[in-house]
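Chains as they are written, first to last, in the working numbering: chain A, 15 to 350; chain B, 15 to 350.
It is worth saying that the hints were derived from the structure and are not from the lab. Glycine included, every Cβ here is placed at the ideal spot set by N, Cα and C. Hints may be right or wrong, so weigh each one.
[To be verified] Straight-line Cα separation of at most 30 Å, DSS-like style, residue types lysine-lysine; simulated pairs:
{"no.": "1", "chain 1": "A", "residue 1": "45", "chain 2": "A", "residue 2": "274"}
{"no.": "2", "chain 1": "A", "residue 1": "330", "chain 2": "A", "residue 2": "274"}
{"no.": "3", "chain 1": "A", "residue 1": "274", "chain 2": "B", "residue 2": "274"}
{"no.": "4", "chain 1": "A", "residue 1": "154", "chain 2": "A", "residue 2": "86"}
{"no.": "5", "chain 1": "A", "residue 1": "274", "chain 2": "A", "residue 2": "288"}
{"no.": "6", "chain 1": "A", "residue 1": "274", "chain 2": "A", "residue 2": "86"}
{"no.": "7", "chain 1": "B", "residue 1": "86", "chain 2": "B", "residue 2": "58"}
{"no.": "8", "chain 1": "B", "residue 1": "154", "chain 2": "B", "residue 2": "230"}
{"no.": "9", "chain 1": "A", "residue 1": "41", "chain 2": "B", "residue 2": "154"}
{"no.": "10", "chain 1": "B", "residue 1": "298", "chain 2": "A", "residue 2": "298"}
{"no.": "11", "chain 1": "B", "residue 1": "45", "chain 2": "A", "residue 2": "154"}
{"no.": "12", "chain 1": "B", "residue 1": "41", "chain 2": "B", "residue 2": "129"}
{"no.": "13", "chain 1": "B", "residue 1": "58", "chain 2": "B", "residue 2": "330"}
{"no.": "14", "chain 1": "A", "residue 1": "154", "chain 2": "B", "residue 2": "41"}
{"no.": "15", "chain 1": "A", "residue 1": "45", "chain 2": "B", "residue 2": "154"}
{"no.": "16", "chain 1": "A", "residue 1": "274", "chain 2": "B", "residue 2": "41"}
{"no.": "17", "chain 1": "B", "residue 1": "274", "chain 2": "B", "residue 2": "288"}
{"no.": "18", "chain 1": "A", "residue 1": "230", "chain 2": "A", "residue 2": "330"}
{"no.": "19", "chain 1": "B", "residue 1": "129", "chain 2": "A", "residue 2": "41"}
{"no.": "20", "chain 1": "B", "residue 1": "58", "chain 2": "B", "residue 2": "45"}
{"no.": "21", "chain 1": "A", "residue 1": "288", "chain 2": "B", "residue 2": "41"}
{"no.": "22", "chain 1": "A", "residue 1": "298", "chain 2": "B", "residue 2": "274"}
{"no.": "23", "chain 1": "B", "residue 1": "298", "chain 2": "B", "residue 2": "274"}
[As the list claims (entries may be wrong)] Between beta-carbon pairs, the in silico distance windows are:
{"no.": "24", "chain 1": "B", "residue 1": "39", "chain 2": "A", "residue 2": "95", "range": "41 to 47 Å"}
{"no.": "25", "chain 1": "B", "residue 1": "223", "chain 2": "A", "residue 2": "216", "range": "55 to 61 Å"}
{"no.": "26", "chain 1": "A", "residue 1": "347", "chain 2": "B", "residue 2": "83", "range": "43 to 49 Å"}
{"no.": "27", "chain 1": "B", "residue 1": "306", "chain 2": "A", "residue 2": "41", "range": "55 to 61 Å"}
{"no.": "28", "chain 1": "B", "residue 1": "41", "chain 2": "A", "residue 2": "314", "range": "34 to 40 Å"}
{"no.": "29", "chain 1": "A", "residue 1": "314", "chain 2": "B", "residue 2": "44", "range": "25 to 31 Å"}
{"no.": "30", "chain 1": "A", "residue 1": "176", "chain 2": "B", "residue 2": "262", "range": "24 to 30 Å"}
{"no.": "31", "chain 1": "B", "residue 1": "258", "chain 2": "A", "residue 2": "79", "range": "32 to 38 Å"}
{"no.": "32", "chain 1": "B", "residue 1": "207", "chain 2": "A", "residue 2": "214", "range": "53 to 59 Å"}
{"no.": "33", "chain 1": "B", "residue 1": "306", "chain 2": "A", "residue 2": "216", "range": "19 to 25 Å"}
{"no.": "34", "chain 1": "A", "residue 1": "266", "chain 2": "B", "residue 2": "295", "range": "56 to 62 Å"}
Number of protein chains: 2
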Amino acid sequence: MRIFISGFGNIGLGFFETLLIRETFLKNRYKDDPVTVVGVVDSKSYEYNDDEYKICGFCTIGSKKTTGRLHKDRNSLSCREIMDMVDFDLLIEAGPTNITDGGEGLENIRHALRKGKDVITVNKGPLALAYSELSALAEKNGCHLRFEGSVGGGMPIINLCNEALVGQRIISIQGIFNGTCNLILSRMDSGIPFEQALREAQQLGYAESDPTYDIKGIDAASKVSILANSVFNRNVTFSDVSVTGIDTVTGEAVRMAAEKGMVIRHIGEISNDKLEVAPRLIPKNHPLSVSGSLNKAQVITDMAGPITVSGRGAGKSETGSAILSDLIWIMDRRNA
Amino acid sequence: MRIFISGFGNIGLGFFETLLIRETFLKNRYKDDPVTVVGVVDSKSYEYNDDEYKICGFCTIGSKKTTGRLHKDRNSLSCREIMDMVDFDLLIEAGPTNITDGGEGLENIRHALRKGKDVITVNKGPLALAYSELSALAEKNGCHLRFEGSVGGGMPIINLCNEALVGQRIISIQGIFNGTCNLILSRMDSGIPFEQALREAQQLGYAESDPTYDIKGIDAASKVSILANSVFNRNVTFSDVSVTGIDTVTGEAVRMAAEKGMVIRHIGEISNDKLEVAPRLIPKNHPLSVSGSLNKAQVITDMAGPITVSGRGAGKSETGSAILSDLIWIMDRRNA
Chain A
15 MRIFISGFGN IGLGFFETLL IRETFLKNRY KDDPVTVVGV VDSKSYEYND DEYKICGFCT
75 IGSKKTTGRL HKDRNSLSCR EIMDMVDFDL LIEAGPTNIT DGGEGLENIR HALRKGKDVI
135 TVNKGPLALA YSELSALAEK NGCHLRFEGS VGGGMPIINL CNEALVGQRI ISIQGIFNGT
195 CNLILSRMDS GIPFEQALRE AQQLGYAESD PTYDIKGIDA ASKVSILANS VFNRNVTFSD
255 VSVTGIDTVT GEAVRMAAEK GMVIRHIGEI SNDKLEVAPR LIPKNHPLSV SGSLNKAQVI
315 TDMAGPITVS GRGAGKSETG SAILSDLIWI MDRRNA
Chain B
15 MRIFISGFGN IGLGFFETLL IRETFLKNRY KDDPVTVVGV VDSKSYEYND DEYKICGFCT
75 IGSKKTTGRL HKDRNSLSCR EIMDMVDFDL LIEAGPTNIT DGGEGLENIR HALRKGKDVI
135 TVNKGPLALA YSELSALAEK NGCHLRFEGS VGGGMPIINL CNEALVGQRI ISIQGIFNGT
195 CNLILSRMDS GIPFEQALRE AQQLGYAESD PTYDIKGIDA ASKVSILANS VFNRNVTFSD
255 VSVTGIDTVT GEAVRMAAEK GMVIRHIGEI SNDKLEVAPR LIPKNHPLSV SGSLNKAQVI
315 TDMAGPITVS GRGAGKSETG SAILSDLIWI MDRRNA
């Protein structure tokens with residue numbers, strides 16, 4: 015299995031490290047199909063296996079970590095042009111999310127699928143905007159398209175719904191899909207104003223310096239759109255989701271909720287006729303009334319009732335290991 | 015896929031109903047492999063497809079529900095003898111749990127695997143006592159042995175660990191594996207004495223008239239043993255589990271715990287060097303500090319940290335649908 019990684023920031027590096035950690039496991043599981051990384055691209059630099067240079071795990075990571083760059087400068091090369099220089103079997107798309115037009119990530123995924131390559135993506139933009147097109151393209155070309163890490167990081171919600179719960183009719187999913195928002199709302203429960211809670215989340219490294227993407231609900235809405243398409247077989251895009259951010263939540267509202275035994279949480283909901291992200295009043299003993307930065311989802315099934323799952327919604331090794339679970343899923347089938 | 019069902023009580027019937035509910039789904043998914051039930055056995059009666067009689071879903075269920083019996087009396091016939099009268103591909107073992115020697119369930123599973131038939135069991139006794147033998151027998155004969163419904167009913171803990179979390183190293187699992195015990199302990203939080211809480215659980219249909227199996231921790235310990243073998247690849251049996259029941263928990267202990275912000279919960283824990291079921295002090299904000307009859311588990315992974323899952327630990331359609339998920343898993347592979 016020859017892997018090409020597009021996007022070598024926190025997540026791409028995290029996945030690379032995961033491969034190194036699980037080297038023996040993978041060697042034993044796939045004796046006739048060694049896992050190798052044959053190409054790596056980040057925003058400004060790249061490297062791939064050619065006569066001049068062979069990618070080596072520690073060397074590649076070391077170069078990136080010490081200089082912030084891989085060995086060759088991209089200059090004006092597109093990621094697709096670099097892909098075309100390399101023989102590979104599977105693309106891991108871990109580039110920056112672009113929720114407007116999908117950006118280079120969408121082009122990369124299209125390009126790989128058209129070449130008949132399997133794709134694992136944690137890049138939400140392409141999935142939130144063009145899921146139907148991409149899954150049709152994958153099917154047409156006999157490729158796998160997997161994206162467990164795109165929703166909930168280390169929380170295995172997609173594989174839970176589509177595999178462990180196969181055979182259930184899933185009636186709805188409600189969940190906390192953005193840990194930063196939940197952290198801020200949890201702090202507001204203690205009487206801390208929104209702005210201060212946001213600053214704290216930024217200082218702790220949870221929120222970005224421009225927190226719009228999280229607090230306006232854009233990130234959660236992308237995930238809601240992905241779940242609608244992949245679990246409910248709907249055909250929606252990001253813009254179909256009704257979105258309200260947490261910047262509308264006042265300290266006064268939080269206090270009034272508390273008086274009634276409630277908390278305010280930022281809940282995404284998906285069903286056959288609902289597609290929403292909004293702050294909601296939740297009873298304190300409800301499964302989604304949780305504090306802190308975890309992601310949590312409640313899946314309502316027709317035969318087994320409610321099933322909840324929670325996990326860390328972000329993080330290098332968390333998301334890296336979600337990519338690994340997709341890789342194993344694909345390799346099990348390619349090597350069956 | 016010709017199915018033979020051994021055990022046609024609540025769970026066996028529940029699975030049968032699940033098949034009827036999902037008839038169209040199964041027909042569409044496996045166009046060339048229709049799912050049929052070709053034999054059903056309960057403790058006293060049976061029926062199978064022969065020239066005289068064809069099993070029909072409603073007819074079989076109707077007979078059982080109206081008369082408590084299937085169409086033919088077993089008399090002295092063993093389930094294995096009835097199995098030998100029928101051509102089938104897969105055994106569903108849903109008979110009564112026997113934790114002393116595995117009982118007829120263990121004999122049935124051995125017999126089916128020796129004949130090269132796939133097996134799905136929700137019967138904990140055979141797994142808790144003879145997991146290694148049975149999984150070796152399955153492997154030797156090229157059969158699948160699946161048992162999602164044996165632990166946690168509708169809570170998909172085994173498939174979560176072994177499939178959704180494949181690639182993770184699972185460090186430990188802690189969980190509430192018996193809903194009846196958790197219901198009783200939850201009621202004791204409100205100051206209700208153990209005996210009264212137990213009576214209530216019996217009146218609500220959660221606890222059996224002989225509640226030993228639940229409150230002494232035997233049921234939870236069976237599940238701990240199954241998880242140790244199937245998720246941790248250990249080679250243990252029921253008797254290796256250190257077990258303390260909830261009948262040792264006093265109202266005084268519950269009150270003292272509450273004063274310290276704690277609750278007492280009946281926790282099963284599995285790791286490479288632990289195998290225990292016991293009442294434990296749990297902080298009120300801990301993920302396992304839950305009330306009611308749900309099952310819940312916290313899985314600690316090396317790369318994604320803690321992942322929790324919860325669901326209904328018992329029930330006809332819950333467990334029936336867990337069997338269905340195993341059936342689909344097997345059929346996907348048999349029809350690949």
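Here is how each hint holds up against the structure:
Between the alpha carbons of residue 45 of chain A and residue 274 of chain A the distance comes to roughly 59 Å, so the proposed pair goes past 30 Å and is violated. Distance restraint check for residue 330 of chain A and residue 274 of chain A: the Cα-Cα separation of roughly 38 Å exceeds the 30 Å cut-off, and the hinted pair is therefore not satisfied. In summary, the hint linking residue 274 of chain A to residue 274 of chain B is supported, as the alpha carbons are separated by about 25 Å, within the 30 Å threshold. Proximity of residue 154 of chain A to residue 86 of chain A is assessed by CA-CA distance (about 34 Å); at most 30 Å being required, the pair is judged violated.
The hinted pair formed by residue 274 of chain A and residue 288 of chain A meets the criterion: a straight-line CA distance of about 27 Å does not exceed 30 Å. Our distance criterion of 30 Å between C-alpha atoms is broken by residue 274 of chain A and residue 86 of chain A, whose separation comes to about 60 Å. In summary, the hint linking residue 86 of chain B to residue 58 of chain B is supported, as the alpha carbons are separated by about 9 Å, within the 30 Å threshold. At most 30 Å may separate the alpha-carbon atoms for a hinted pair to count; residue 154 of chain B and residue 230 of chain B exceed this at roughly 36 Å.
Taking the CA atoms of residue 41 of chain A and residue 154 of chain B, the gap is near 24 Å; set against the 30 Å cutoff, the hint holds. With a CA separation close to 13 Å, the supplied pair residue 298 of chain B and residue 298 of chain A stays within the 30 Å bound. At most 30 Å may separate the alpha-carbon atoms for a hinted pair to count; residue 45 of chain B and residue 154 of chain A meet this at roughly 21 Å. A hinted pair counts as satisfied when its Cα atoms are at most 30 Å apart, and residue 41 of chain B with residue 129 of chain B qualifies at roughly 27 Å.
Distance restraint check for residue 58 of chain B and residue 330 of chain B: the Cα-Cα separation of roughly 21 Å lies within the 30 Å cut-off, and the hinted pair is therefore satisfied. About 24 Å separates the Cα atoms of residue 154 of chain A and residue 41 of chain B, which keeps this hinted pair within 30 Å; it holds. Pair hint residue 45 of chain A plus residue 154 of chain B holds up; C-alpha atoms about 21 Å apart against a cutoff of 30 Å. Using a Cα cut-off of 30 Å, the hinted pair residue 274 of chain A and residue 41 of chain B is violated, with the two alpha carbons roughly 49 Å apart.
Taking the CA atoms of residue 274 of chain B and residue 288 of chain B, the gap is about 27 Å. The hint holds against a cut of 30 Å. In summary, the hint linking residue 230 of chain A to residue 330 of chain A is supported, as the alpha carbons are separated by about 23 Å, within the 30 Å threshold. This hinted pair does not check out: residue 129 of chain B and residue 41 of chain A have alpha carbons roughly 34 Å apart, beyond 30 Å. Distance restraint check for residue 58 of chain B and residue 45 of chain B: the Cα-Cα separation of roughly 35 Å exceeds the 30 Å cut-off, and the hinted pair is therefore not satisfied.
At roughly 29 Å between alpha-carbon atoms, residue 288 of chain A and residue 41 of chain B fall within 30 Å of each other, so this suggested pair holds. For the proposed pair residue 298 of chain A and residue 274 of chain B, the alpha carbon gap of about 20 Å is at most 30 Å, so the pair holds. At roughly 9 Å between alpha-carbon atoms, residue 298 of chain B and residue 274 of chain B fall within 30 Å of each other, so this suggested pair holds. Taking 41 to 47 Å as the suggested C-beta distance range, the pair residue 39 of chain B and residue 95 of chain A conforms, at roughly 45 Å.
Hint check: residue 223 of chain B to residue 216 of chain A, Cβ distance near 59 Å, so the stated range 55 to 61 Å holds. Checked against the hint of 43 to 49 Å, the C-beta distance between residue 347 of chain A and residue 83 of chain B comes to roughly 45 Å, which is consistent with it. In this structure the hint that residue 306 of chain B and residue 41 of chain A lie 55 to 61 Å apart at CB is violated, the actual value being about 45 Å. For residue 41 of chain B and residue 314 of chain A, the hinted distance range of 34 to 40 Å is not satisfied, since their beta carbons lie about 25 Å from each other.
Taking the beta carbon of each, residue 314 of chain A and residue 44 of chain B are about 26 Å apart, inside 25 to 31 Å as hinted. Against the hinted window of 24 to 30 Å, the Cβ-Cβ separation of residue 176 of chain A and residue 262 of chain B comes to about 42 Å, which falls outside the hint. For the pair residue 258 of chain B and residue 79 of chain A, the supplied restraint of 32 to 38 Å is violated, since their beta-carbon distance comes to about 49 Å. The given range of 53 to 59 Å is broken by residue 207 of chain B and residue 214 of chain A, whose C-beta atoms sit roughly 45 Å from each other.
Between residue 306 of chain B and residue 216 of chain A the beta carbon distance is about 38 Å. The supplied range of 19 to 25 Å is therefore violated. Take residue 266 of chain A and residue 295 of chain B: their Cβ atoms lie about 37 Å apart, and the range 56 to 62 Å is violated.
Of the hints listed earlier, those the structure fails to meet are numbers 1, 2, 4, 6, 8, 16, 19, 20, 27, 28, 30, 31, 32, 33, 34, in rising order.
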